[in-house]
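**Student:** For reference, the chains in residue letters:
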Amino acid sequence: MRKNAAQRLILRGGRVVDPSQNLDEAADIVIDDGHIAAVGPEAAAKTSKGIVIDLHGLIVTPGLIDMHVHLREPGFEYKETIRTGSEAACAGGFTAVASMANTDPVNDNRSVTEFILRKAAEAGLVRVHPVAAVTAGMKGESLTEFWDLKRGGAVALSDDGRPVKNSAVMRRALEYAASLKMTVISHCEDPDLSGDGVMNESFVSTDLGLPGIPAAAEEIMVARDILLARYTDTPVHIAHVSTAGSVELIREAKKKGVKVTAETAPHYFTLTQEVLKDYDTNAKVNPPLRGPKDVEAVKEGLRDGTIDVIASDHAPHAVTDKEVEFEYAANGIVGLETSLGLSLRLVAEGVLTLSQLVAKMSVVPAVILGIPGGTLRPGSPADLTVIDTNLTWRVDPTVFRSRGRNTPFAGWELTGKTVLTVMGGRITYRDPSRWE
Amino acid sequence: MDRPKVVMDAEGIDRSLSRIAYEILEKNKGIEDLVLIGIRTGGIYLAERLRKKIAAIEGKEPPLGILDITLYRDDLLITKKKPALGRTDIPFPLDGKKVVLVDDVLFTGRTIRAAMDALIDFGRPKMIQLAVLIDRGHRELPIRADFVGKNLPSSLWENVTVHLTEKTGRDEVVIEREG
Amino acid sequence: MGLARKDLLGMKDVSAEEITLILDTAESFIEVSSREIKKVPTLRGKTIINLFYEASTRTRTSFEIAGKRLSADTINISAATSSVVKGETLIDTARNLEAMNPDIIVIRHSVSGTPHLLARLVRQSIINAGDGTHEHPTQALLDMMTIRSRLGTLKDVEVAIVGDIAHSRVARSNIYGLRKMGAKVTVAGPATMMPRDVGAFGVRVCDTLEEAVRGKDVIMMLRIQKERQHSHLFPSLREYSARFCLTGESLALAAKDVLVMHPGPINRGVEIAPDIADGPQSVILEQVTNGVAVRMAILYLLGGGMP
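Residue numbers (this note's numbering), protein chains in the order written: chain A, 1 to 436; chain B, 1001 to 1179; chain C, 2001 to 2307.
I should point out that these hints are in silico values taken from the structure, not numbers from a laboratory.
Even glycine gets a Cβ: it sits at the ideal position worked out from N, Cα and C.
Watch out, some of these pointers could steer you wrong.
[Said to hold, decoys possible] To be clear about the criterion: a stretch of chain C counts as covered by chain A if any three or more of its residues have a C-beta under 8 Å from a C-beta of chain A, and this derived list gives those stretches: (1) 2132-2138; (2) 2146-2153; (3) 2185-2198; (4) 2211-2218.
Throw the hints in and build the complete structure from the sequences for me.
**Tutor:** Here it is in structure tokens:
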């Protein structure tokens, strides 16, 4: 692999879709020394030396970036490690991920951040960008050392998994982070209102006799964060938008010029709460799966640009965390290996163009986090993803590279899959059925 | 498929029951301590008719009970779908009584075995006797009827059906090859 | 004949025909319980495990008596568990029990959907004896049996269910069962105790006790969990009972021969005035008697056969 990096890589004839340069055409890509050397219809004409890979019939995009994943290490290695998470990421087409802070210990100090980066470098498959906690121990009380964490390599701040309940703490976090050009990613939930809820409050929760989480529990915090971002004129990024009300609030805020960005996860535009009918804990997630109107609103938010990013909220769990009584089961769905396939359904449905999808899964996350990547411009790191949009495959959790098997999509047939992932000029994944 | 063959008509049934009524009274020397128990479903109507006949002879009715033997069947544990349960109604004590069990057809003897087990759960009868309209043979248990309307040699591939007015609108006993 | 099902998890997936079969069968078992020797050999050699994760004297005893009267061996397991105090997991318990080869597992658990999880995991018949705030099918069946035996039918019977509908498994199972049998159901209670979109069950929703019981043939009062006061569901027991306790005054609004029911245990003076609970309209003890018969019927119809 090391040797490979130094070698010239010539990707010939793929359809290059790079919204960062408004590019959507058949083109060659020449990679030298881990960087993009040239992109263009005839870019490889003058070059003969190097490894040539023929990509006719395939799509080439800037390396996909998943700005919301849980890699579980340190502390929960039985659920996932940085290595297994990295393997899952590159298999899913990702060249970079942002890993959330709710590890044990919490990533609330520089030594944990550096530990994560060291482990990620050892795995060497994907760029792991640590997201540090907003508050010490994610307790919602005192701010972590944003400046020092940034120097250690943290790219953003979030107590994801828990809300920052105290509005004064949130206000100060937004102000302090903005001064360091860091974004706060907000998990929006009013914990008093969600109470002991385990699914969306609706007739389905009434019918199943499960305590419900009202949509308002999310929307109240989305509204609060928008008001704080407007008042302090700072950016805020809303994680995992799941309700029609949240989409509406963000849409209106954007119209008024509030610096709010937002993401959603594939399960929120693919599934409704109906899948919980048999108490399938693999579909238990927070925020919970909502109703059909919410799913439509999330899609509309993606279509009209209200929602900027698709992130998987990859949340691996062990079987022992999930094969228990519904209320005791952990929240979360593994997403790295299904995110692209599920998101491509939006292109098939006409909700997004392929170029818009690539923007939401690569270009925009890079901008929000202020990290390299998200482009195939000459000179940038050679992070790219090759997708076969015609390949139909069946989701089989038993062959996931992730340690987590907790997906409600087992057995689903998806069309479109990563067949080659290149990170820093090195091939980190190739689809075994295609290349070997 | 052979046509069903009538082996006993209404008059035949009535004559047999009259004879059985006399035999019961003869054997038991009257109706003192005598009780009739009809086994669901065919035995109920026969027991009622016997009671009327006995009453006509003796001027007094013996008590009549109804027994559903489903819960005592020995094939419950090997059948998946459970047979429908009927109500048992024995509104008098059985201790010291001479019980005449009444059924329509005596075949393997398993129903009677179940009925005897059930009766014993209700108390300690002085004795249990058995009255049947048809004995078609093929016993699988050492059981013998005390009063028989008609002995009807049959093959295992035949069905014997007792039709009674109370149930099917006519009185006759038919035998037919199994469909 | 018989129930073509492995498990009894809830009234939601039981058909009207199945309900009728269970009730008819239960009527026959009433006689068995009235005998001097209240035991039949039907389930001899069968093992029934009562797996109770939630304290319950009434339901557990009822199942135990039902099993014993059918000659089954009944074993009671009281398992204390919570998400915090982690002992053996449900899965491990289930696999262990399965290895001991019982025939039927009766489960009560404080988490909705747990019997469904168990039914997926083990090959034994599972009977739901109450799961969280979801269903309590045998309670609904004994309630329906009580109504049917008193009124002769369930069709077009007007039933009011009053109390904490949101947290009541008795209410959910009765709503499903009664509606399938053609009864008309009205629910009432404080707005805080009405679950989201409760009307979607096909029930009428009333805000006051008086409105709910007017002209009704049956009034079912639900037990109030006093600890719910802490989740802001009602301001005080005093105010709750002032509004929703069934008294002679409110009862007078109902049909003349109205049946008063309660799944027990009763908080006297909170849900029902003591004189009403013991009064001529009350069929509360009949419910208990019928409970044994209904459970015998279910054990008979589900158990005993080859798997």
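**Student:** Each hint: holds or not?
**Tutor:** Hint check results:
1. 2132-2138: holds (count 4)
2. 2146-2153: Not satisfied, violated; 0 residues make the cut.
3. 2185-2198: holds (count 4)
4. 2211-2218: Per the Cβ count (0), the hint is violated.
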